[in-house]
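Q: Construct the entire structure; sequences and hints are all you get.
In my numbering, the protein residues as written are 1 to 128.
Any given hint could be a false lead.
Once the Cα atoms are required to be at most 25 Å apart in a straight line, the calculated BS3-like pairs of lysine-lysine come out as [what the hints assert, rightly or not]:
id	residue 1	residue 2
1	96	43
2	96	63
3	6	96
4	63	6
5	43	6
Quick caveat, the hints were computed from the structure, so don't treat them as lab data.
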Amino acid sequence: MVLHVKINPAFALYLDAEGNTLSTDAENEDAQTLLATLNVSGKPYADGMTAILDTAYTQGYLKDGGAVSVTVDIVQETDFALITVFDPIAQFEEAKGLTTETSLELQAEEVPEDAETAVLDGQTVYIS
Numbered sequence: 001m002v003l004h005v006k007i008n009p010a011f012a013l014y015l016d017a018e019g020n021t022l023s024t025d026a027e028n029e030d031a032q033t034l035l036a037t038l039n040v041s042g043k044p045y046a047d048g049m050t051a052i053l054d055t056a057y058t059q060g061y062l063k064d065g066g067a068v069s070v071t072v073d074i075v076q077e078t079d080f081a082l083i084t085v086f087d088p089i090a091q092f093e094e095a096k097g098l099t100t101e102t103s104l105e106l107q108a109e110e111v112p113e114d115a116e117t118a119v120l121d122g123q124t125v126y127i128s
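A: Given below as C-alpha cells:
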C-alpha cells in the first residue's frame, strides 16, 4: 500500500501488509528537506507519521488551519485498517492544540469482474 501525503511537503509512504513503513519518497523539494532529517523505515505507520508531522510542525510547514491530504493507493492485500490513517493525525492535532483540514482519498485498480468488493466511504474497493 502506498500513502501519498500532502502537507506542503508531498511525500509517499510505502507500507507493508501490516502497516509498517518500508520506505519514503519525497515528491517535492520541501519533502526532501523534511525527510532528510528523518528515517521512518521499519517503523509502524503511526510512529512514522507522528515523527513526520512533528518535524513538519517544527519546520513551519504545518500550522493551525493547515491541510493534511492523504491519498491511499491500495495495491496489495493488507491487514492495515484504513481508518487508522487518521489516528496519528488526530493525536498530533490534540497534542499541539491544532485543527487541520484532513482528507482521505482512495485509489484502487480497476475492479475485475470476479473480485470480492466492499464499499468504503462511498467507494468500491477490492483486495487482489
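Q: Each of the hints needs a verdict: does it hold here or not?
A: Here is how each hint holds up against the structure:
{"no.": "1", "hint": "96 to 43", "result": "holds (22 Å)"}
{"no.": "2", "hint": "96 to 63", "result": "holds (10 Å)"}
{"no.": "3", "hint": "6 to 96", "result": "holds (19 Å)"}
{"no.": "4", "hint": "63 to 6", "result": "holds (13 Å)"}
{"no.": "5", "hint": "43 to 6", "result": "holds (20 Å)"}
In this structure, none of the earlier numbered hints is contradicted; all agree with it.
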